[in-house]
Amino acid sequence: MTARVPRGFVDRDAADLRAQDAMLATIRRVYETYGFEPVETPIFEYTDALGKFLPDSDRPNEGVFSIEDDDEQWMSLRYDLTAPLARYVAENFETLPKPYRSYRAGYVFRNEKPGPGRFRQFMQFDADIVGAPNVSADAEMAMMMADTMEALGIERGQYVIRVNNRKVLDGVLEAIGLGGEENAGRRLTVLRAIDKLDKFSTAEVRLLLGEGRRDESGDFTPGAGLNERAIQQIVDDYIAAAMSEFVDGTNNHAIRQLKASAFGTNPKFHEGVEDLASIADFVGSAGYGPDRVKIDPSVVRGLEYYTGPVFEAELLFDVTNEKGEVVRFGSVGGGGRYDGLVSRFMSQPVPATGFSIGVSRLMTALKNLGRLKTSERTGPVVVTVMDRDRMADYQAMATLLRNALNDDPSLPPVPVEVFQGNPKQFGKQLQYADRRNAPVVVIQGGDEKAAGKVQVKDLALGKELSATITDNAEWREARAGQELVDEAELVEAVKRILARPLSEKG
RNA sequence: GCGGUUGUAGCUCAGCUGGUUAGAGCGUCGGAUUGUGGCUCCGAAGGUCGGUGGUUCGAACCCACUCAACCGUACCA
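7 is the number of the first residue of the first sequence in this note's numbering; add one for each residue after it.
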């Protein structure tokens with residue numbers, strides 16, 4: 007039996023969890039300043055509550071983790087936080103204030119092949135407004151996303167919130183003759199091809215719109231099979247606008263370019279561009295330029311359920327990982343308007359917009375950026391055990407210190423513990439303290455006890471001094487960083503050592 | 001899912017043309033030191049050689065199948 011974590015899942019250590027806590031607190035604070043309030047839903051939902059948008063509803067374990075309850079109903083682990091929110095809102099519709107602003111963080115699960123930075127369990131942190139029909143709500147979402155990035159220490163210019171509108175894409179598809187139920191499959195292929203713009207060149211996207219593309223491994227991806235004219239139209243008019251630069255420092259140029267395109271006469275397209283113009287106006291007036299919120303027609307997201315504006319938070323910096331490979335993180339979150347999702351459970355239409363941050367992914371990015379508070383927390387003050395039968399005394403010392411060092415609840419805790427391993431070899435106790443990154447150990451053997459004294463040892467200082475000593479006998483004799491004080495001065499002596507600045511401790 | 005590459009100790013890897021008992025460094029544990037971390041020295045534990053089958057007098061090495069990991073690609077709510 008070998009111990010192994012299931013594929014696609016990870017264990018997280020103390021440093022990771024503390025960093026995540028700090029990160030969640032930062033995000034939460036931004037959301038709270040926009041008036042959002044927390045809500046939590048369970049990690050399981052009935053499969054049909056999630057099911058409509060599953061790749062294949064007849065196979066409950068495809069894409070999601072599902073189990074059959076004893077009443078023969080299928081339940082699934084949630085694969086995002088949006089569908090459960092829609093269920094929650096529908097179920098509590100009468101009592102919730104509308105528009106309902108809520109946020110929630112939680113693990114979601116996907117039963118699919120894991121990859122680098124892609125796990126089968128990961129955390130999302132969502133915010134949504136349900137019951138707000140206007141694009142001003144979408145604009146607010148985009149701005150809040152930008153604020154969140156900056157609150158996390160990602161500087162302006164290192165991220166961008168890209169905004170598009172599903173209606174614009176629908177208009178394009180309609181204009182090139184891909185409207186109607188019979189073209190649903192080809193519509194998806196076209197949208198996926200456009201979505202590849204950040205990965206492939208225009209020439210390769212062109213192949214995906216037409217016959218298809220063969221990748222370097224020899225694998226062939228069938229294309230949408232569009233005719234040359236339709237391809238030309240998409241590339242010249244649409245993709246050109248997507249790639250356009252912001253000549254005047256605003257989003258107006260992109261909007262103008264879209265309006266002037268061959269698709270401009272399509273009603274759906276026009277409506278979508280008007281929405282984008284409004285969003286550009288709202289965010290622009292609030293001081294969010296295209297360096298933060300950018301109108302970008304290449305954004306394709308949530309093909310199955312978004313109905314209006316869609317957003318994507320993208321990190322723009324490259325990072326060299328521990329293997330020496332250059333990695334671009336790309337998307338760390340996204341969202342959009344999903345006017346059809348809540349109304350699945352209800353007889354009335356309920357507009358909604360929201361977004362989701364991929365916490366695990368963003369955390370990896372921040373770690374690489376060096377923006378994550380990974381500073382190791384100080385270890386415990388360790389009270390060592392010299393005389394096994396004086397355990398009660400050591401416990402009393404620990405209690406005294408624990409209370410004295412933690413009387414201000416607004417400060418981070420100072421852990422204090424009695425060594426609970428086998429005290430037979432004293433060296434092991436110091437080794438333990440060293441590994442726990444303990445700042446101080448307290449030592450009281452028979453000699454000290456008889457004199458009413460106690461030894462207080464500064465481990466960091468001792469480590470510094472050890473550099474100058476090469477002989478072990480001498481090192482042991484030196485008792486580096488150690489101080490003999492009266493029992494009554496224990497607390498003060500420990501506080502003194504804890505207060506020593508880190509720089510003096512190496 | 002498709003294609004490619006790689007699987008030897010906890011980790012990083014060596015292992016000759018198929019030839020005896022599969023090695024090293026790091027890490028872990030024990031000791032030198034039963035009242036002192038680090039350094040140093042000594043010692044020990046730790047291996048289904050990814051798995052199964054085959055070829056052979058003999059397989060970590062060759063063959064077939066299979067599993068896993070990595071990379072690309074597809075999918076991604």
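Derived by calculation from the structure, the hints in this document are not laboratory data. Treat the hints with care, since some could be wrong.
[Stated by the list, open to error] Pairs of lysine to any residue, SDA-like flavour, derived with a Cα cap of 25 angstroms:
| no. | residue 1 | residue 2 |
| --- | --- | --- |
| 1 | K469 | A456 |
| 2 | K501 | A486 |
| 3 | K265 | D176 |
| 4 | K430 | N412 |
| 5 | K430 | S416 |
| 6 | K274 | A246 |
| 7 | K455 | A484 |
| 8 | K455 | D414 |
| 9 | K373 | P355 |
| 10 | K202 | Y52 |
| 11 | K434 | D413 |
| 12 | K265 | H276 |
| 13 | K373 | A505 |
| 14 | K202 | R124 |
| 15 | K459 | G433 |
| 16 | K265 | G183 |
| 17 | K469 | G385 |
| 18 | K119 | G183 |
| 19 | K455 | L417 |
| 20 | K501 | N478 |
| 21 | K274 | G293 |
| 22 | K265 | L197 |
[As the list claims (entries may be wrong)] The following label-pair restraints were derived from C-beta to C-beta distances:
| no. | residue 1 | residue 2 | range |
| --- | --- | --- | --- |
| 23 | L322 | A268 | 27 to 35 angstroms |
| 24 | E217 | A31 | 46 to 54 angstroms |
| 25 | G336 | L471 | 45 to 53 angstroms |
| 26 | R383 | Q238 | 56 to 64 angstroms |
Cβ coordinates follow ideal geometry from the N, Cα and C atoms, glycine included.
Now for the hints, and whether the structure bears them out:
This hinted pair does not check out: K469 and A456 have alpha carbons roughly 29 angstroms apart, beyond 25 angstroms. The suggested pairing of K501 with A486 holds, with an alpha-carbon distance near 18 angstroms, which does not exceed 25 angstroms. Pair hint K265 plus D176 holds up; C-alpha atoms about 15 angstroms apart against a cutoff of 25 angstroms. Distance check on the hinted pair: K430 and N412 sit about 30 angstroms apart at the alpha-carbon level, beyond 25 angstroms; violated.
Distance hint between K430 and S416 is unfulfilled; the C-alpha atoms sit about 38 angstroms from each other, more than 25 angstroms. Of the pairs offered as hints, the one joining K274 and A246 holds, with about 19 angstroms between alpha carbons and a cut-off of 25 angstroms not exceeded. Between K455 and A484 the CA atoms are separated by roughly 21 angstroms; this keeps the pair inside 25 angstroms, and the hint holds. Our distance criterion of 25 angstroms between C-alpha atoms is broken by K455 and D414, whose separation comes to about 30 angstroms.
About 42 angstroms separates the Cα atoms of K373 and P355, which puts this hinted pair outside 25 angstroms; it is violated. Distance hint between K202 and Y52 is unfulfilled; the C-alpha atoms sit about 34 angstroms from each other, more than 25 angstroms. Among the hinted pairs, K434 with D413 is inconsistent with the structure: their alpha-carbon atoms are about 31 angstroms apart, more than 25 angstroms. For the proposed pair K265 and H276, the alpha carbon gap of about 7 angstroms is at most 25 angstroms, so the pair holds.
Pair hint K373 plus A505 does not hold up; C-alpha atoms about 28 angstroms apart against a cutoff of 25 angstroms. The hinted pair formed by K202 and R124 meets the criterion: a straight-line CA distance of about 18 angstroms does not exceed 25 angstroms. Straight-line distance between C-alpha atoms of K459 and G433 comes to about 21 angstroms, which keeps the hinted pair within the 25 angstroms bound. Among the hinted pairs, K265 with G183 is consistent with the structure: their alpha-carbon atoms are about 19 angstroms apart, no more than 25 angstroms.
In summary, the hint linking K469 to G385 is supported, as the alpha carbons are separated by about 15 angstroms, within the 25 angstroms threshold. At most 25 angstroms may separate the alpha-carbon atoms for a hinted pair to count; K119 and G183 exceed this at roughly 35 angstroms. With a C-alpha separation of about 32 angstroms, the suggested pairing of K455 with L417 is violated against the 25 angstroms cut-off. Of the pairs offered as hints, the one joining K501 and N478 is violated, with about 30 angstroms between alpha carbons and a cut-off of 25 angstroms exceeded.
Between K274 and G293 the CA atoms are separated by roughly 29 angstroms; this puts the pair beyond 25 angstroms, and the hint is violated. Under the criterion of a C-alpha separation no larger than 25 angstroms, the hint pairing K265 with L197 is consistent with the structure, at around 20 angstroms. Range check, L322 to A268: about 31 angstroms between beta-carbon atoms, so the 27 to 35 angstroms window is met. The given range of 46 to 54 angstroms is respected by E217 and A31, whose C-beta atoms sit roughly 51 angstroms from each other.
Roughly 49 angstroms separates the CB atoms of G336 and L471, a value that falls within the hinted 45 to 53 angstroms. For R383 and Q238, the Cβ-Cβ distance of about 60 angstroms falls inside the hinted range of 56 to 64 angstroms, so the restraint holds.
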